[in-house]
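Engineer: In order, the protein sequence lines correspond to chains S and F. With our numbering, the residue at position 6 of the first sequence is 6, and numbering never jumps. With our numbering, the residue at position 208 of the second sequence is 208, and numbering never jumps.
Just so you know, not all the hints are guaranteed correct.
[As the list claims (entries may be wrong)] Pairs of lysine-lysine, BS3-like flavour, derived with a Cα cap of 25 Å:
#1 Lys51(S) / Lys69(F)
#2 Lys63(F) / Lys241(F)
#3 Lys69(F) / Lys243(F)
#4 Lys69(F) / Lys233(F)
#5 Lys37(S) / Lys48(S)
#6 Lys37(S) / Lys204(F)
#7 Lys156(F) / Lys241(F)
#8 Lys234(F) / Lys15(S)
#9 Lys14(S) / Lys233(F)
#10 Lys204(F) / Lys63(F)
#11 Lys241(F) / Lys69(F)
#12 Lys234(F) / Lys48(S)
#13 Lys204(F) / Lys156(F)
#14 Lys69(F) / Lys204(F)
#15 Lys156(F) / Lys69(F)
#16 Lys15(S) / Lys233(F)
#17 Lys243(F) / Lys156(F)
#18 Lys234(F) / Lys14(S)
#19 Lys243(F) / Lys233(F)
#20 Lys51(S) / Lys37(S)
[As the list claims (entries may be wrong)] Some chain S residues flagged as far from chain F (calculated, every beta-carbon gap over 10 Å):
#21 Gly11
#22 Val41
#23 Arg55
Just so you know, the hints here were simulated from the structure itself, not pulled from any lab data. Note that beta-carbon positions come from the ideal geometry of N, C-alpha and C, so glycine has one too.
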Amino acid sequence: MNRGTGTRDWGVVKKLLILSLFGIYFCLPTSVFCSEKWPGVDESVVEKYAKEHGREAWTPFINTDQGDLLLFVFLLAGAVGGFVAGYSWRMLIVEKAPGIKEAAQKKKS
Amino acid sequence: MNIFKIKSRSLWIASLFLQVLATPAHAMHIAEGILPFNWAALWFAVAVPFVAIGIRRLNALAKDDLSFKPLVGLMAAVVFIISCMPIPVPTAGTCSHPCGTGIASILVGPFVSILITSVALLIQALFLAHGGLTTWGADIVSMGVVGSFAAWFTFKGLRRLGAGLAVSGFMAGLLADWGTYLTTSVELASGIRGDAPFLPLFWKILIAFIPTQLPLGILEGAMTAGMVVLLYKKRPDLLVKMKVLRAEEVAV
């Protein structure tokens, strides 16, 4: 048996399996337990039970939950977070972090 | 060519996070004003010593080793992004998010993980209408303290028992997530119950979390295991330095 081909076939099977799992996951009908579509557990659990016991959430001190403003803030946070993650990953994995790089240069010289 | 590769990889990671994050948050952090003052103050008091130790530990470790800073940067970004990333759970019809404290705790230790979590929670409470300033202490305790220590003890315990890196990472992520929601249930039930008995309300809240958090905990376990194994493949020396692995385990 060609070992290389076997490994490649297994790789394709794995990819197909993961894709089909994702497909099944996202195509499943939403549960009958929820009247609203995709509420967060903050609404469906935390705020629901708090309200039942007479506690209601306040408006945030800096209220960005207005129209598309929240979307913008999340986009910005995602961009900054993604940049920091990518940059740190590069420092750690590609450039092997400053400490290691300097140590390697010292060793060379 | 290498630079192009690096840039495209960074851009790819950034764009992936952008696509995932471009929706308003629906999450588990306890919202602003839900907890009465005395309970909010109590959770603040519980959280403060852990955060203070986290600051001291970060300063001490960063002095000794320069590669610690990018690792903390990476973990901070991971915790921040993961903990405001709403993931739909079709079986429950709701959305929630993993915590990211499992991987952070394994790699940088529980106290630095708590510090990272508290900063992430503060930014989310201030600008993302996600969690709250009055409930910041309670959110630090559930996600930061309990999540980080659950992951750390699980990982170390399983490794000591001879479990593999992936299995230990998976269980650490899983228990960090479930531990967080268990604590949120305690905080919520104790804060909002008024004159009602604690236990029935606690069970009610915990059971309500289960349909969403059961699968999400498994997802968090898989993510944690994947990240530990990826780092083992790419930078095993870093795992040795952070005492995740012993040197002889890498040398083979």
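Engineer: Is the Cα-Cα distance between Lys69(F) and Lys204(F) 25 Å or less?
Structural biologist: violated, 42 Å
Engineer: Closest CB-CB distance from Val41(S) to chain F, is it above 10 Å?
Structural biologist: Answer for Val41(S): violated, closest chain F Cβ roughly 5 Å.
Engineer: Is the Cα-Cα distance between Lys69(F) and Lys233(F) 25 Å or less?
Structural biologist: holds, 20 Å
Engineer: If you draw a straight line from the CA of Lys234(F) to the CA of Lys15(S), is it 25 Å or shorter?
Structural biologist: With Cα atoms ~22 Å apart, Lys234(F) and Lys15(S) stay inside 25 Å; holds.
Engineer: Need the status of pair Lys243(F), Lys156(F): alpha-carbon distance at most 25 Å?
Structural biologist: At roughly 10 Å apart (the allowed maximum being 25 Å), Lys156(F) and Lys243(F) satisfy the hint.
Engineer: Regarding the pair Lys14(S) and Lys233(F), is the alpha-carbon distance no greater than 25 Å?
Structural biologist: Holds - the C-alpha atoms of Lys233(F) and Lys14(S) are around 19 Å apart, at most 25 Å.
Engineer: For the pair supplied as a hint, Lys51(S) and Lys69(F), confirm whether the alpha-carbon distance does not exceed 25 Å.
Structural biologist: Not OK: Lys51(S) and Lys69(F) at ~43 Å, beyond 25 Å, violated.
Engineer: Against chain F, does Gly11(S) hold up as non-interface, every C-beta pair farther apart than 10 Å?
Structural biologist: Given that every Cβ of chain F is farther than 10 Å from that of Gly11(S), nearest at about 16 Å, it holds.
Engineer: Take a quick look at whether Lys37(S) and Lys204(F) sit within 25 Å of each other, Cα to Cα.
Structural biologist: holds, 22 Å
Engineer: Would you say Arg55(S) is clear of chain F, with no C-beta pair closer than or equal to 10 Å?
Structural biologist: Label violated. Min Cβ-Cβ 5 Å, cutoff 10 Å.
Engineer: Is the hinted pair Lys204(F) and Lys156(F) satisfied, with a Cα-Cα distance of at most 25 Å?
Structural biologist: violated, 32 Å
Engineer: Would you check the hint for Lys243(F) and Lys233(F), treating anything up to 25 Å between C-alpha atoms as holding?
Structural biologist: holds, 16 Å
Comparing the model with each numbered hint stated earlier shows that hints 1, 10, 12, 13, 14, 22 and 23 do not hold.
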